[in-house]
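Visitor: Use the sequences and the hints to build the structure in full.
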Amino acid sequence: MEGSKSDKVRTPEKSAFTKLQSPEGNKSKSAIAEVSSTAIVKYSAQEVLPYYNKLQQDTNLNVAPSNWLRDGRFSDLSFLKRDPVEFTSFGMAHSFVDTIGDVDVISDAENIKKLLKIPYSAKAEVSLAVHRVGPTLLLDYLDVPSLISFASEGHSDTIFRRWLYDFYCEQTGIPKDASFERKKKKKDQAKLRHIFSKFLHYSIQNDNQDASTDTTFKTYPDPSSSPLGDSSDEGEGEPFRDPVSGPTVFAEKGSDLFAPIIVEADSPEEPVLPQLQQDSSFQHNVLWQFEDIQMLVGSNLPIFGGGKYPAVSLRLRECGNPINVLTGLDYWLDNLMCNVPEVAMCYHLDGIVQYYDLYKTEELPDLEGSNFSPKVVKDVAQNILSFMKANCTREGHTYWLFKATGSDVIKLYDLTSICQQRTDDKTENLFTVPVAMLFYRVAKNMMNQSPLSSGEQSTVRQLLNNCLLLLDNETYPEIFSSASFLLSDLYSPDDVHALPAINTTDDPEGDEEENNSEASPSDEWSGQSDGETITALKSLDVTKLSTPITQQDDWIKVSKPLPSNVEERCKVALSQIVKGLSCVKKHLSESSPQGDVLNSNTDDSSSSEGAPFPSQSPRSDAVSSSKSPQAVVPTSSKHLYLYKREKTPLVLRRPVRWQARTAGLLFHKAASVYHSLACTFNSNGKFGRGLKNCKLAFKCLEASQIFGVEPKNKKGDQLLISVQFVCGDSYLMLAKCQGNLAVHQEDYRFKSEEDVFMCDAAEECISGQVEYSSSVKFVSDVEKNLLKSVSLYDAALQLATTDTKVELVVNLTRRLGNVKNELGVFYMNKAASLLDSSSEPSNEERELWKKSFSNFDSGIRTFDVTDDSANKALLLSNLGRLMRLCAQAVGGVETKLTGRRGEFTQEERGYFNKAFEFYNKALRCLADRKKSPEVWDTVTWELSGSYFSMGTLLQDFAPLSTYAQEQVEQEVTELMMKALRLCEPSVTLSTPHVKPRSLYQLYHRIASIHHRLASLYHNSYRNQAVDHSKKKARSLAELHYSKAVAYFDATRYPCERIRIHLEQVAMCEYHVTTYGGSAAAIRSLQSALEHLCQTRTALEYLGTLKVSEESECKTAKGDEGSESHIVVWDEIRTLVPILESRLTSVLKELVKANSTLKNKGKSSRDWGGLEMAKQMYSVALRSSSSSGVEDIVKKCQRIAETLKNLQEIKKQTQ
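Last residue of the sequence shown: number 1224 in our numbering, and the count goes up by one each step with no gaps.
Errors might be hidden in some of the hints.
Stated by the list, open to error - Dumping the calculated DSS-like pairs for lysine-lysine here, alpha-carbon to alpha-carbon at most 30 Å: (1) Lys123 - Lys581; (2) Lys421 - Lys133; (3) Lys548 - Lys421; (4) Lys931 - Lys941; (5) Lys787 - Lys761; (6) Lys931 - Lys840; (7) Lys186 - Lys201; (8) Lys133 - Lys581; (9) Lys794 - Lys1053; (10) Lys860 - Lys815; (11) Lys548 - Lys570; (12) Lys421 - Lys186; (13) Lys787 - Lys861; (14) Lys127 - Lys370; (15) Lys761 - Lys861; (16) Lys924 - Lys941; (17) Lys787 - Lys815; (18) Lys860 - Lys787; (19) Lys794 - Lys746; (20) Lys589 - Lys746; (21) Lys1162 - Lys1221; (22) Lys746 - Lys988; (23) Lys596 - Lys548; (24) Lys1184 - Lys1221; (25) Lys1041 - Lys988; (26) Lys840 - Lys861; (27) Lys385 - Lys554; (28) Lys385 - Lys548; (29) Lys761 - Lys581; (30) Lys554 - Lys570; (31) Lys1053 - Lys1042; (32) Lys1041 - Lys1158; (33) Lys554 - Lys596; (34) Lys123 - Lys385.
Stated by the list, open to error - Derived DEER-like restraints, expressed as beta-carbon distance ranges: (35) Asp1140 - Ser790: 38 to 44 Å; (36) Arg911 - Val1138: 19 to 25 Å; (37) Leu818 - Arg911: 48 to 54 Å; (38) Glu1218 - Ala880: 39 to 45 Å; (39) Arg910 - Asn821: 48 to 54 Å; (40) Pro461 - Glu857: 51 to 57 Å.
No wet-lab data here; the hints were simulated from the structure.
Source: prediction; values computed, not measured.
Glycine included, C-beta positions come from ideal geometry on N, C-alpha and C.
Guide: Right, here's the structure in full:
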């Protein structure tokens, strides 16, 4: 059974076993000791505790039990000799990366105990290596003499660094020519270890169950050179598995034991980035909180349970050897760390068991000869931790905490700064690589957690920057390039431009140098002097350790958040990619980027010492991801035999041909960054830069495919599809902004240093094998830009598969339909520009009509795919406009004889009917206005305009040669009423149901329709012979004239108002000629006079216009449909004299009619009769008595004044 990494409470199996923690949250508080301690198991090699078997008296521990060395539960204990280069805290940090930043300390329990025993053991030497990762300190035993001795024995020539040897001699007073020899094992110590090992195996043995058949325990093969005894070939079991998934790997002799082992192995899952592996050094990993200090500790304490002992630790002591304070403190701390409530001490005499003593953990501080104060221990812990945190402040630096034998001063040295002072070679620092590996692993683990907060992003950036600063890119190119990749992915994750937390606005605080806030290993060491003697950075008096203090951390995180500006982030990401590629390019010659993947020939069933890794078969169809790298997980697990414990604490795995695969991933990430830049520039209106970045993205994608990052068929390549999408957008927008092409072309040509490097690097790799980038060129022609955009959208859709995001496919389809619409509009406008009223449509025009129709029709079918009824309706509306253009082209031809167009033709009628069909189809497509109000209103407005246009043409150019007058009038009336019904209902609503440019345009159309209908009925009234029909026509004409007057604002449309009133006057005068001499005629003349007086407002407005406006023929800038309006002065010059003449004529006829009226008092109720008519006529004559050429504006003013006087005369008589 594998070891558990879960910190959940486990349920004991029957009564034979008990869990390590108590069910009440795993807390243990000592009322006597008055200290708080909580322990939570994060990992245990034992799923359940072994049953505690109390040995009988006189049991001979010199004789091995039957189960000895047949399992590995107690083969990895604290007394097991480790190599001096092994940093166990790094192994724990790799296994539990999520705890970094949350705990104060990560360390072996033995190191913690050494620190806490300092006040009680003045003679003991303490030597620890201290590293910092954020607020967490990593502590490891640093035996410098053993390290030097180990190197001098020939294990590694590279590990021996002269600067460390010299420095250690200086600090200890040892002559520099002295040699260090490794301490030899004492026979007595080996014998005691053997006895203790046999004691533990006796304690787990029982009559019913043997460890070799118990599936709840993990068994280990016997190490041939184990310090516990001779090898045993009996029994095989499942190998011990460490908590980090992956195989156990050992260093070879003669290698740099501080450097990571690079293992060439094919992997079915690992894309390129190397993966750290670490085997466990401890039986238990415990999250221990001691007062306000939280620690992750590794412990090998033997723990038993079962029966009346829920959890108990076992100790073997020789009779007559009393417990001293150091022993008691050691036992007490071990039990606190592992939350064990009791300790059982077995006393023996020369290996013969005598008796047992059982103590509770809280009783240990008060044992005779072992008295100590838990509160003092707590103070010691807080003092030492505060000292280290206050002075070990630089991430990436290695500190040496050293207390010499017999000394009462603890000294702290910054070994990194000392190394920099004594040598310029970065590789001379023994601790650089493991620290950099740790930074890399922590950052990588954090990046796998999504999403990262702003503070977490800053932490990851600082870790990766420190990793790059610590590593030499020549020695460790794979890690250097991998960290560069992670940094680029941090700054510019996929689709960074679309993330909600990122905006595209300028962020002045985002411009920063990358290393402004990170502690650089090259910084000057603040504690070093100019002399040859190196003094300690800080020192701590042992006598002050017992002083109560509150634990504090002076480490301040000063790193700035990542810039929020997308462009800045992408630029930084590109700079990191350039660093990574520059590093990889130097090593690409080591592997062929297009070579076959190496196959493993190792037999799957073999498990020899020479093949520590299980064989794996590579997957030829494996597709690497552009996201953060995944761990290499073997497809099968084998028994890994633990031979001599000779290994590195950091093992690095990477697949074969790492150079090519890394280069491929970096190119792929560069393509993603350029894609984000292109999206950002397009959204900011910088389409030349967007197109340039699309071209670079294509180049990088082509290069990445050469290295096998993406499949050759590229089906479903989402990034490639997205780049084609954005590139199509760039061409589309360039087609729309023809007025600023020079600026966009200059942007397209500009390239930064990173762009030049990436372009050259990609071209070196692809060497002519281009498919997309060569076709991306800056084009000025509108049609070519639109056609290029269509080809890119279509190519992207061809690549889409069922695995492609639905949203991306839908957006692509809509964009393709949109650009088809743009092409249709382009060809339609081009055809309109060729329109010539003096000749028939040319073949070129008709070809443009066909192209326009084809693109509109194709766009409609495209929107059918996405069921986009709104856009489909808009394209149908554009087809309607195209048909109206065709009707205008074929029907507006002027005859050579008259110089004006002829009758309305059948071909014209056909095009108009097709336009009506397309518009109505668009409305049926929408089904209801609620679905898309704006589109509905737009189509309705266009349809209304079509009805009005055809009705106007039929009315003005009636086809009387083929249709009767009545038929034409009937058709015109129907068309006008259809147009009116589409417009008039919206007037009563707050929001119009049509989409004119302004409300005034809507009113103008309604008024124009009423005016047209009134004129039609006016003409019918004159031509009708039947009185009934004449009366009906006159009534309808008066109705529509009145409505037209209501909608035509006199100050906006003075010409139209004057024309309508003159037509009303004409109709009244026609009535007078029909019914002359009667009272009805007088009423008609009075109505005519009323209509003439209603022109006063328009005339007064015209009289206010300036001469400059008159000369320009405009009252304000703008065109029809805007809130401004146009005054046609030529028409005014025609209408105003007519108005003046009709005024005098009507008044003259009114005088005559009143003179001939028999009952002259009958009309007094209306206008005062004959006297008033004469008075008005006199005023009108005097006003028009001026002679010579008169300015039109002054004439308007004069006539308006006359009308005002006439109205005042009327008021006086009422």
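Visitor: Now look at each hint and say whether the structure bears it out.
Guide: Hint check:
1. The suggested pairing of Lys123 with Lys581 is violated, with an alpha-carbon distance near 49 Å, which exceeds 30 Å.
2. A hinted pair counts as satisfied when its Cα atoms are at most 30 Å apart, and Lys421 with Lys133 qualifies at roughly 15 Å.
3. Distance check on the hinted pair: Lys548 and Lys421 sit about 6 Å apart at the alpha-carbon level, within 30 Å; holds.
4. Between the alpha carbons of Lys931 and Lys941 the distance comes to roughly 15 Å, so the proposed pair stays at or under 30 Å and holds.
5. Of the supplied pair hints, the one linking Lys787 and Lys761 holds, its CA atoms being roughly 15 Å apart against a limit of 30 Å.
6. A threshold of 30 Å between alpha carbons decides the hint, and for Lys931 with Lys840 the separation of about 26 Å falls inside it, so the pair holds.
7. The straight-line distance between the Cα atoms of Lys186 and Lys201 is roughly 36 Å, outside the 30 Å bound, and the hint therefore fails.
8. Between Lys133 and Lys581 the CA atoms are separated by roughly 58 Å; this puts the pair beyond 30 Å, and the hint is violated.
9. Distance check on the hinted pair: Lys794 and Lys1053 sit about 51 Å apart at the alpha-carbon level, beyond 30 Å; violated.
10. Restraint check for Lys860 and Lys815: the C-alpha separation of about 35 Å exceeds 30 Å, so the hint is violated.
11. The suggested pairing of Lys548 with Lys570 holds, with an alpha-carbon distance near 29 Å, which does not exceed 30 Å.
12. Straight-line distance between C-alpha atoms of Lys421 and Lys186 comes to about 21 Å, which keeps the hinted pair within the 30 Å bound.
13. Restraint check for Lys787 and Lys861: satisfied, since their Cα atoms lie roughly 25 Å apart, inside the 30 Å limit.
14. Note on Lys127 and Lys370: the hinted pairing holds, with a Cα-Cα distance of about 21 Å set against a maximum of 30 Å.
15. Restraint check for Lys761 and Lys861: the C-alpha separation of about 38 Å exceeds 30 Å, so the hint is violated.
16. A threshold of 30 Å between alpha carbons decides the hint, and for Lys924 with Lys941 the separation of about 25 Å falls inside it, so the pair holds.
17. For the proposed pair Lys787 and Lys815, the alpha carbon gap of about 28 Å is at most 30 Å, so the pair holds.
18. Between Lys860 and Lys787 the CA atoms are separated by roughly 28 Å; this keeps the pair inside 30 Å, and the hint holds.
19. Between Lys794 and Lys746 the CA atoms are separated by roughly 12 Å; this keeps the pair inside 30 Å, and the hint holds.
20. Simply put, Lys589 and Lys746 have alpha-carbon atoms about 38 Å apart, too far for the 30 Å limit, and the pair is violated.
21. Of the pairs offered as hints, the one joining Lys1162 and Lys1221 holds, with about 22 Å between alpha carbons and a cut-off of 30 Å not exceeded.
22. For the suggested pair Lys746 and Lys988, the alpha carbons sit about 36 Å apart, so the restraint of at most 30 Å is broken.
23. Distance restraint check for Lys596 and Lys548: the Cα-Cα separation of roughly 43 Å exceeds the 30 Å cut-off, and the hinted pair is therefore not satisfied.
24. A hinted pair counts as satisfied when its Cα atoms are at most 30 Å apart, and Lys1184 with Lys1221 qualifies at roughly 15 Å.
25. Restraint check: the Cα-Cα separation between Lys1041 and Lys988 comes to about 24 Å, which is no more than 30 Å; the hinted pair holds.
26. Restraint check for Lys840 and Lys861: the C-alpha separation of about 11 Å stays at or below 30 Å, so the hint holds.
27. About 14 Å separates the Cα atoms of Lys385 and Lys554, which keeps this hinted pair within 30 Å; it holds.
28. The suggested pairing of Lys385 with Lys548 holds, with an alpha-carbon distance near 26 Å, which does not exceed 30 Å.
29. For the suggested pair Lys761 and Lys581, the alpha carbons sit about 12 Å apart, so the restraint of at most 30 Å is met.
30. Only pairs whose Cα atoms come within 30 Å are accepted, and Lys554 paired with Lys570 is rejected, the gap being roughly 38 Å.
31. A threshold of 30 Å between alpha carbons decides the hint, and for Lys1053 with Lys1042 the separation of about 17 Å falls inside it, so the pair holds.
32. The suggested pairing of Lys1041 with Lys1158 holds, with an alpha-carbon distance near 26 Å, which does not exceed 30 Å.
33. Of the pairs offered as hints, the one joining Lys554 and Lys596 is violated, with about 55 Å between alpha carbons and a cut-off of 30 Å exceeded.
34. A C-alpha spacing of about 15 Å is found between Lys123 and Lys385, which places the hinted pair at or below 30 Å, so the restraint holds.
35. Checked against the hint of 38 to 44 Å, the pair Asp1140 and Ser790 passes, with Cβ atoms roughly 42 Å apart.
36. At roughly 21 Å, the beta-carbon separation of Arg911 and Val1138 lies within the given 19 to 25 Å, and the hint holds.
37. Checked against the hint of 48 to 54 Å, the C-beta distance between Leu818 and Arg911 comes to roughly 52 Å, which is consistent with it.
38. Between Glu1218 and Ala880 the C-beta distance comes to about 58 Å, which lies outside the given range of 39 to 45 Å.
39. The given range of 48 to 54 Å is respected by Arg910 and Asn821, whose C-beta atoms sit roughly 51 Å from each other.
40. For Pro461 and Glu857, the hinted distance range of 51 to 57 Å is satisfied, since their beta carbons lie about 55 Å from each other.
The earlier numbered hints that this structure contradicts are 1, 7, 8, 9, 10, 15, 20, 22, 23, 30, 33 and 38.
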